[in-house]
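Residue numbers (my numbering), protein chains in the order written: chain A, 1 to 332; chain B, 1001 to 1321.
These aren't lab readings, by the way, just hints derived from the structure by calculation.
Where hints are given, some of them may not hold.
[What the hints assert, rightly or not] Covered stretches of chain A, going by a simulated chain B footprint (3 or more residues, C-beta under 8 Å):
| id | segment |
| --- | --- |
| 1 | 210-221 |
| 2 | 228-235 |
[Stated by the list, open to error] In silico negatives: residues of chain A with every beta carbon more than 12 Å from chain B:
| id | residue |
| --- | --- |
| 3 | 16 |
| 4 | 35 |
| 5 | 251 |
[Unchecked claim] Simulated coverage check for chain B against chain A, where a stretch passes if three residues somewhere in it have a Cβ under 8 Å from a Cβ of chain A:
| id | segment |
| --- | --- |
| 6 | 1114-1128 |
| 7 | 1176-1188 |
Virtual Cβ for every residue (Gly too), placed ideally from N, Cα, C.
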Amino acid sequence: MLESAIAALAALRSQDAGPLSQGLSAENAAACLHQAIRPLNPTSLRAAVEAAGPIPPAIAIVVSSGVFTTPIEWTAIAVSAGCSVHLKAPASDPALCRALAEVFTANGADVTWSISRKLPPVDAIIAFGGDQSVADVASANPTVPVEQYGHRFSVAWVAGDPIAAAGPLAIDLVRYDGRGCMAPTAVFTTGDPHVLAEAIAGQLQELEQRFPRGAVDPGLGPEWRRRLGLARVVGSSWTGSEWAVTVTPPKYFTPAALPRMVNIHPASSIDELRTILAPWRPWLSTLGTDADGISIDGVHRVCRLGWMQAPSIPRHHDGRPMLYGLNRPPGG
Amino acid sequence: MKADIRKFISSGGDFDQTALSLYAWQREHNPEYDRFCGNITVRHWSDIPAPPTTLFRDLSLTCFDVAKTKVKFRTSGTSAGQRGEVHLLDTEIYDLAAVSHATACLGPLPTTGVSLVPSAADSSLGHMCKHFVPGMPSFFDADNGVDATGAWQAIKQATASGRPLFIPGTAFALADLLDHPAEPVDTPPGSIVMVTGGFKGRRRAVPPQILHSALSARLRGAAVVGEYGMSELGSQLWSVPADGPFRPPPWMRVLAVDPWSGEPATRGLLRFFDLANHQTVLAIETQDVGIVHADGTVRLEGRLEGAVPRGCSLTVEEANA
Chain A
1 MLESAIAALA
11 ALRSQDAGPL
21 SQGLSAENAA
31 ACLHQAIRPL
41 NPTSLRAAVE
51 AAGPIPPAIA
61 IVVSSGVFTT
71 PIEWTAIAVS
81 AGCSVHLKAP
91 ASDPALCRAL
101 AEVFTANGAD
111 VTWSISRKLP
121 PVDAIIAFGG
131 DQSVADVASA
141 NPTVPVEQYG
151 HRFSVAWVAG
161 DPIAAAGPLA
171 IDLVRYDGRG
181 CMAPTAVFTT
191 GDPHVLAEAI
201 AGQLQELEQR
211 FPRGAVDPGL
221 GPEWRRRLGL
231 ARVVGSSWTG
241 SEWAVTVTPP
251 KYFTPAALPR
261 MVNIHPASSI
271 DELRTILAPW
281 RPWLSTLGTD
291 ADGISIDGVH
301 RVCRLGWMQA
311 PSIPRHHDGR
321 PMLYGLNRPP
331 GG
Chain B
1001 MKADIRKFIS
1011 SGGDFDQTAL
1021 SLYAWQREHN
1031 PEYDRFCGNI
1041 TVRHWSDIPA
1051 PPTTLFRDLS
1061 LTCFDVAKTK
1071 VKFRTSGTSA
1081 GQRGEVHLLD
1091 TEIYDLAAVS
1101 HATACLGPLP
1111 TTGVSLVPSA
1121 ADSSLGHMCK
1131 HFVPGMPSFF
1141 DADNGVDATG
1151 AWQAIKQATA
1161 SGRPLFIPGT
1171 AFALADLLDH
1181 PAEPVDTPPG
1191 SIVMVTGGFK
1201 GRRRAVPPQI
1211 LHSALSARLR
1221 GAAVVGEYGM
1231 SELGSQLWSV
1241 PADGPFRPPP
1251 WMRVLAVDPW
1261 SGEPATRGLL
1271 RFFDLANHQT
1281 VLAIETQDVG
1291 IVHADGTVRL
1301 EGRLEGAVPR
1311 GCSLTVEEAN
1321 A
């Protein structure tokens, strides 16, 4: 079924990404779709299938809203392994799941979709979403193994040239407008945070023309104003029409991303960052950095700046190979 | 400035002019607020920058040296868990504003009562109720909830005196009180049941109209009224009866704004401009949504829906918890 997956991905890549993207601008959606499909080739898919080990014949993927491309790689790997896949699409915007099912089905794969919470009989479930949501999926399906991927967040660490770091970091901030667990929620730096902030601000301003910000969740407005207001009082801020950069002391670190707002915090050393992140260890995902040989307890993935939102395949997700262990007993 | 505010509350005045004077005074005496405002131009009270209430978790926002704080009210935290603090030098204006507007809306306040609101010293709600009816026994505490048996017994005993009763309670505390199988009580004329707060973050929720009807049926004769207030506000709004719109005092204005842009909107996030906030910041932006009617009254519609879960990232409220 590897050929089916490759053909389906090619068909998906030719589609207009805007309507599939849950509100991203057309330009950003196209870039995100391209970025998500690019690493999926015969070699990487074969390697991912091998890394996954035995995969049961029928799986369901419960997809959360936010990062619209999330199910693409999982579905492609599962189909490449010969599995049938059911996509439980987010009720608020099922367009990508519908398109994914259509292109895979048209190429001979067994991929279905629905917004119903009631899943068809499957051998295993992969659930994305809030911690409570994925736990609820597991509770509602006690007879099959449920791989739960709940809340995670990512940060960036800049130890080198801030000017060189700004461009790649801005790409990480712009892709998906800060949605998802791999988006940088904050940037920590040993360098001059103001130099970094100005450099990122310049990059964001430029990228705004090429990849406009999409629709924003109005509910984030008060938090946007809180962080900007706080920065005016205890730090510094730079704003554009669709972006903002703040510099505040690290004690004000908030591990939740806002659409194209980056909060920069000075840090004296990587050990200080480790201390800051220690309480958040269960929720850490990715560290994007320009430094070599960095590790932080709880961080599952360390990558170069500019690649935070573009993971390679095969890869681990939350510390586990994708689709690994789905043959285990329920609840195991 | 305090004398000006006291005078306004007691005998009225030009709101816009007083608000602009207070704004200028607060920028001069409140360095954090001055930096928050930056270079903005303010020509009308509605232009005055309104810090989000969540900023009280990070900043004291006082017009005095915070080390001189004499009274500290802590915010409820609602669903986000983390609590902010409001620092005051004294409660003179707070108390004056509370009594003045409550009396204007409710008539003479009862002098006896039974409380179902928090009695902790850092609760602004508890402070207000104790100021209304000094010595009022409380049958609610944060750890153990409502002592419904004790509360009903106290209500019956107090009723026997024939004096009007004041029974303030949070909505969920009053719902718990109603769960207790006590006989209805005929309250003395002039009695008031004050309902405040909602059910956000609670496992149960009772629709307001059902709660109000049930209170009327079990505490017969009492006026069931609504109160809206918060630690960050020096004044309260009252709805009489409880299902009606909330009426702000003459020294307060309310503005609905678009939650994302902050621009004025017919329905939106509520910003309050309260002259009684003279020791902190007169304008605050809440996370409550409502409609401001032409007469200045406010229809509350509940809390702003939290951020839509962003993929598998933490939501803002969870991260702030």
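Consistency of the hints with the structure:
no.	hint	verdict
1	210-221	holds (count 6)
2	228-235	holds (count 5)
3	16	holds (22 Å)
4	35	holds (15 Å)
5	251	violated (9 Å)
6	1114-1128	violated (count 0)
7	1176-1188	violated (count 0)
Checked against the numbered hints listed earlier, the structure breaks hints 5, 6, 7; every other hint is satisfied.
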